[in-house]
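Enquirer: Residue numbering for the sequence shown follows our numbering, beginning at 220 and increasing consecutively.
Note that these hints are calculated values from the structure, not bench results. Since this is a predicted model, take the numbers as computed values, not measurements. For every residue, glycine included, the Cβ atom is placed at its ideal position computed from N, Cα and C. Accuracy of the hints is not assured; some may be wrong.
The calculated DSS-like cross-link candidates involving lysine-lysine, where the alpha carbons are at most 30 Å apart (straight line), are [said to hold, decoys possible]:
| # | residue 1 | residue 2 |
| --- | --- | --- |
| 1 | Lys234 | Lys252 |
| 2 | Lys262 | Lys276 |
| 3 | Lys275 | Lys262 |
| 4 | Lys262 | Lys273 |
Okay, the calculated beta carbon distance ranges per label pair [unchecked claim]:
| # | residue 1 | residue 2 | range |
| --- | --- | --- | --- |
| 5 | Ile274 | Leu325 | 57 to 63 Å |
| 6 | Asn318 | Arg270 | 51 to 57 Å |
| 7 | Arg309 | Gly329 | 28 to 34 Å |
| 8 | Asn280 | Pro250 | 26 to 32 Å |
| 9 | Met272 | Lys252 | 31 to 37 Å |
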Amino acid sequence: MKDQLSLKNRKKQRKEIRSAQKIPLIQDNTPVKTPKKIMQKRKELMDSFTRHMKIKKARHNTKNSKRTTPGIGITTTDAQPAHTHIEGARWIKTTIKQNLAQQKILNRNGAKKK
Numbered sequence: 220m221k222d223q224l225s226l227k228n229r230k231k232q233r234k235e236i237r238s239a240q241k242i243p244l245i246q247d248n249t250p251v252k253t254p255k256k257i258m259q260k261r262k263e264l265m266d267s268f269t270r271h272m273k274i275k276k277a278r279h280n281t282k283n284s285k286r287t288t289p290g291i292g293i294t295t296t297d298a299q300p301a302h303t304h305i306e307g308a309r310w311i312k313t314t315i316k317q318n319l320a321q322q323k324i325l326n327r328n329g330a331k332k333k
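Generate the whole structure from the sequences, applying the supplied hints.
Expert: Laid out in structure tokens, this is it:
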């Protein structure tokens, strides 16, 4: 029992000695907060930035038609939409296949002798 108490006492003393040996940090220069740098931009840069932002906003807010405006010499019926729907491609594919099937049937029937 005595050995355990003495061990505890020795450990406590070691801790006290270790903590006492710490050297206090002394700072001669007290830290001073530096003010945040205010970015000073030239007037030309600010003007160009605002101009570009206005252009971006105008482009974003404009209402675009779903159909492209036809060029010179193109009638409105021939003008294609700007963004074709996915179903459109499938529809075209099926009509082509149907036409080919009809042609095969007509060729087969037309070749028969009477």
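Enquirer: Between Lys262 and Lys276, is the straight-line Cα distance small enough, at 30 Å or below?
Expert: Cα-Cα ~21 Å, so holds.
Enquirer: Is it true that Met272 and Lys252 lie within 31 to 37 Å of each other by Cβ?
Expert: holds, 33 Å
Enquirer: Does the Cβ pair Ile274, Leu325 satisfy 57 to 63 Å?
Expert: holds, 58 Å
Enquirer: So does Arg309 sit 28 to 34 Å from Gly329, Cβ to Cβ?
Expert: Since Arg309 and Gly329 have Cβ atoms about 30 Å apart, the given range 28 to 34 Å holds.
Enquirer: Holds or violated: are the alpha carbons of Lys262 and Lys273 at most 30 Å from each other?
Expert: Holds - the C-alpha atoms of Lys273 and Lys262 are around 16 Å apart, at most 30 Å.
Enquirer: Is Lys275 close enough to Lys262, meaning Cα to Cα at most 30 Å?
Expert: holds, 20 Å
Enquirer: Is it true that the CA of Lys234 sits at most 30 Å from the CA of Lys252?
Expert: Given that 30 Å is the threshold and the Cα spacing comes to 37 Å, the pair is violated.
Enquirer: Should the hint that Asn318 and Arg270 are 51 to 57 Å apart at their CB atoms be regarded as holding?
Expert: This hint holds: roughly 54 Å between Cβ atoms.
Enquirer: Starting from the hint 26 to 32 Å, judge whether the C-beta atoms of Asn280 and Pro250 obey it.
Expert: violated, 49 Å
In summary, the numbered hints that this structure violates are 1 and 8.
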